[in-house]
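In order, the protein sequence lines correspond to chains A and B. Residue numbering for the first sequence follows this note's numbering, beginning at 4 and increasing consecutively. Residue numbering for the second sequence follows this note's numbering, beginning at -4 and increasing consecutively.
In case anyone wonders, no lab produced these hints; they're calculated from the structure. Quick reminder that beta carbons are idealized off the backbone N, C-alpha and C, glycines included. Accuracy of the hints is not assured; some may be wrong.
Claimed, not checked - To give an idea of the interface, some chain A residues facing chain B are shown, with a C-beta separation under 8 Å as derived from the structure:
id	residue
1	Thr217
2	Gln257
3	Lys261
4	Asp271
5	Glu355
6	Thr359
7	Lys428
8	Gly432
9	Ala440
10	Ser443
11	Thr450
Said to hold, decoys possible - Reference listing, derived: stretches of chain B covered by chain A, where coverage requires no fewer than 3 residues with Cβ under 8 Å from a Cβ of chain A:
id	segment
12	184 to 193
13	255 to 267
14	274 to 280
Said to hold, decoys possible - List of simulated lysine-lysine pairs, DSS-like, C-alpha gap at most 30 Å:
id	chain 1	residue 1	chain 2	residue 2
15	B	Lys116	B	Lys197
16	A	Lys140	B	Lys62
17	A	Lys140	B	Lys77
18	A	Lys66	B	Lys116
19	A	Lys167	A	Lys251
20	B	Lys61	A	Lys82
21	A	Lys238	A	Lys251
22	A	Lys245	B	Lys197
23	B	Lys61	A	Lys338
24	A	Lys245	B	Lys77
25	A	Lys122	B	Lys77
26	A	Lys376	A	Lys338
27	B	Lys197	A	Lys238
28	A	Lys169	A	Lys122
29	A	Lys198	A	Lys142
30	A	Lys142	B	Lys61
31	A	Lys82	B	Lys62
32	B	Lys62	A	Lys338
33	A	Lys338	A	Lys140
34	A	Lys82	A	Lys261
35	B	Lys197	A	Lys142
36	A	Lys251	A	Lys261
37	B	Lys116	A	Lys238
38	A	Lys245	B	Lys61
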Amino acid sequence: MTTPTLKTSRRRALKLGAAAVALPLVHIRTGRAAGKVSIAFWDHWVPSGNAVMQKQVEAWAAKNQVEVQADFITSVGSKNILTIAAEAQARTGHDVQAFPSWEVHNHSDMIEPIDDVMKTLTGQYGGVNQVCEYLAKIKGHWMGVPTSSGTQYKGPCGRISVLKDKAGLDVVAMYPAAPGHTAASDAWTWDALLKAAEACAAANMTFGMGLGQTSDSVDCIGSLFAAYGAELVDKDGNVTVKSDNVRKVLEYGQKLVKVLPADAVSYDDASNNRALISGQSALIWNPPSAWAVAKRDNPKVAEDCWSFPGCAGPAGRFTPYLPYFWGVWSFSQNKTAAKELITFLMQRNNVEARCTEVVGYDVPPFDSMLDFKVWEDVEPPKGTVYNYPIRPFHNAKPHIAALPAPPDIAVQIYNRGTMPTMLAKLKSGSSIDEVIAWASDELEGFTR
Amino acid sequence: MADGTSVPVGVIGAPRRVARKTSSLKRFTQQRSTIAFMLALPLILLVACFVIYPALYAIYLSMLNKKMTAFVGLGNFAFLLKRHTFQLVIFQSCLFAVTAVVMKAFLGFVLAHLMHNIPGKNQKIWRGLLLVPWVIPLALSTLTWWWMFDPSYSAFNWVLNQFGFANVPWLGVGWIARFCTITVNVWYGTPFFMIMYLAALKSVPEQLYEAASIDGANAVQKLFFVTLPMMRNIIAITVLFSLIVTFADFDIVRILTAGGPQDMTHVFATYAFQVGIQSGDIPLGAADSLFMFPILAFAAFFVLRGVTRRTKEIAT
């Protein structure tokens, strides 16, 4: 028997070469059929928030044969905003970005309209609130999908026993952890807050409401201005600071600032948390992150915390709301996959899984998702965050400071902290007329 | 006829020309100026990429409208100058930089003299200890200062309380907050002055002091007529360098006050960040940050001119 010999010919060598080149292509085709997508998420305060997100992304990637690069970018030191600005300048970077509230408008020229995704999601889950629309619907087109990741309400979080003992305010009776409107909640007005603040300040348990220039101060004081109908700039861009409503809110502010902490003007976003956690404050305006840290560092304080909606004023009841959006850059190389990933992540089961993991911190943009069990279950005390998201019987509206001013003006009012600075000036002894004159000058600069 | 014996016209001269070309290229590459240029080329490229290009890009950005779609010339600069808040920023930047540099120069001078008079090994220990503030990353050390100034739980206030004094709102009142930011900058920057002055002091020939002593000069006269004239150049260069760095300071103000309270501690860099990045108006932020340039160019021109003059005087 003769052994067949393999003869190397030029033709055979070419065939082998072609096969060798084609092999990795076949592998790529079967391994990552729809290419690559990179997505930048907001780096969650709660570490497990990132892990659950990563898990969901990996599940989608495996199912759709897409290679996904997920990065978690912190908002500490505004690093996420810096990354967004850098990517916009360089016209390269992630396919999908997590845009904080004002950033969709800031970069709307470079973001892909995402009406198709919003149509699918609103078809499934209903509409989103007016703040989301104000911030992300530009010239009739959705430029970002309101997400739950990082989206928060910043209503009051009070000490149950302190408010009851010092100010006679039973917040649990006012806002119980059960569906239904209570008569006591109607009495939760800014005047009631002032009375309670005075009583608690007299007992050396001030309300930790800041008058600094960072987000927590702006959101809290912004909802005060909204409750009085005090617009600094109207929806058409006219400066309206010299109005009766602004004067009224400043008259109220003159009384309020007297009972706020001495260091309120230098508050940053951590000051109010520290005030509550250390047991020195009866009430702050913040998401449950302060309660969550208290649970770890000062459990007795955490057991005594209760979250509830903002106060009512002559123009209504407004609770500060700060949404995040997921948007696709116009320079993205894989827009289809990016949009599919966003749609997947916004499915109810995924949103609920993430919300549960972060003990209810993340608020979904769709009202139909505000029935997650997590807000009933979280403790101690049981139901402490039940009223953290706005519920229909709260008769409250979500609000972002400076709304309804055109967003390019509003972003400056917000980031320059114009409203809390007005009250800070009152606290440092300026008259109402001086404060209005100062604000008027500032606002004219913003409307250029 | 191309039979191998004939020679085409011009071929004989070609090798000579090639040789001449080669030798001139060789000469060019062997010239000292060419070698120097080639050696410096990587640095030139780095400077071009990371200094000149960003600077020119910043100038370009500062001349665009907010949406970066139209050229507005010097419109952003004119707009800023009219704003009351920006006028406050100019005042604060100058106050911050000038006060801090003067304080650092004075303290550095005193410390360098004290150090110079410590004998032997002890001097090394003290020198090392005093350099610590300058060696620690600024963001970290400023965070530590912030904890000490913290509005609610200030370590300084705790000490004051122990002695029966009331709390001081360190970062809550404009002028006190300005004082705090300047103090931290002085704490951080003084070691740099100290080490530069110490090096300058060590280079002053001892014979000059001996001659001055023989002439009957006292300590103050030695300081003014020997030490200071010999240190003038190093003082000028150190002040200029520090002025540039202090004017461009960002970390200290950002971490301690973020420009507050009521914008009373903003400097050019922090205000540029707030306007450009946080409020989405990059051209206005670029214009704001470029305001430092003429101020520093003016200072650099006069300081360096003085240094050159004195160097020439010494040479002649």
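Now the hints, each set against the structure:
1. Thr217: At about 7 Å, which falls below the 8 Å cut-off, the nearest Cβ of chain B leaves the hint on Thr217/A intact, so it holds.
2. Gln257: 16 Å, violated
3. Lys261: 15 Å, violated
4. Asp271: Since chain B brings a Cβ to about 7 Å from Asp271/A, closer than 8 Å, the hint holds.
5. Glu355: The hint is violated - Glu355/A has no Cβ within 8 Å of chain B, the shortest such distance being about 33 Å.
6. Thr359: 32 Å, violated
7. Lys428: 6 Å, holds
8. Gly432: 11 Å, violated
9. Ala440: 10 Å, violated
10. Ser443: With a minimum Cβ separation of about 11 Å from chain B (threshold 8 Å), the hint on Ser443/A is violated.
11. Thr450: 11 Å, violated
12. 184 to 193: Violated, because only 0 residues of the segment 184 to 193 of chain B bring their Cβ atoms closer than 8 Å to Cβ atoms of chain A.
13. 255 to 267: Holds, because 4 residues of the segment 255 to 267 of chain B bring their Cβ atoms closer than 8 Å to Cβ atoms of chain A.
14. 274 to 280: holds (count 4)
15. Lys116/B - Lys197/B: 16 Å, holds
16. Lys140/A - Lys62/B: Given pair Lys140/A, Lys62/B holds - Cα atoms ~18 Å apart, limit 30 Å.
17. Lys140/A - Lys77/B: Roughly 34 Å separates the two Cα atoms, so the pair is violated.
18. Lys66/A - Lys116/B: 69 Å, violated
19. Lys167/A - Lys251/A: Within the cut-off at roughly 29 Å; holds.
20. Lys61/B - Lys82/A: Distance ~22 Å between Lys61/B and Lys82/A Cα, so the pair holds.
21. Lys238/A - Lys251/A: Holds. Lys238/A to Lys251/A sits at ~20 Å (cutoff 30 Å).
22. Lys245/A - Lys197/B: 66 Å, violated
23. Lys61/B - Lys338/A: 27 Å, holds
24. Lys245/A - Lys77/B: 21 Å, holds
25. Lys122/A - Lys77/B: 46 Å, violated
26. Lys376/A - Lys338/A: Violated: Lys376/A and Lys338/A sit about 34 Å apart, past 30 Å.
27. Lys197/B - Lys238/A: It is violated: about 68 Å lies between the C-alpha atoms, which goes past 30 Å.
28. Lys169/A - Lys122/A: 50 Å, violated
29. Lys198/A - Lys142/A: This hinted pair is violated, its Cα atoms lying about 44 Å apart.
30. Lys142/A - Lys61/B: 18 Å, holds
31. Lys82/A - Lys62/B: 22 Å, holds
32. Lys62/B - Lys338/A: 24 Å, holds
33. Lys338/A - Lys140/A: The hint holds at about 19 Å.
34. Lys82/A - Lys261/A: Given pair Lys82/A, Lys261/A is violated - Cα atoms ~35 Å apart, limit 30 Å.
35. Lys197/B - Lys142/A: Roughly 70 Å separates the two Cα atoms, so the pair is violated.
36. Lys251/A - Lys261/A: 16 Å, holds
37. Lys116/B - Lys238/A: 72 Å, violated
38. Lys245/A - Lys61/B: 27 Å, holds
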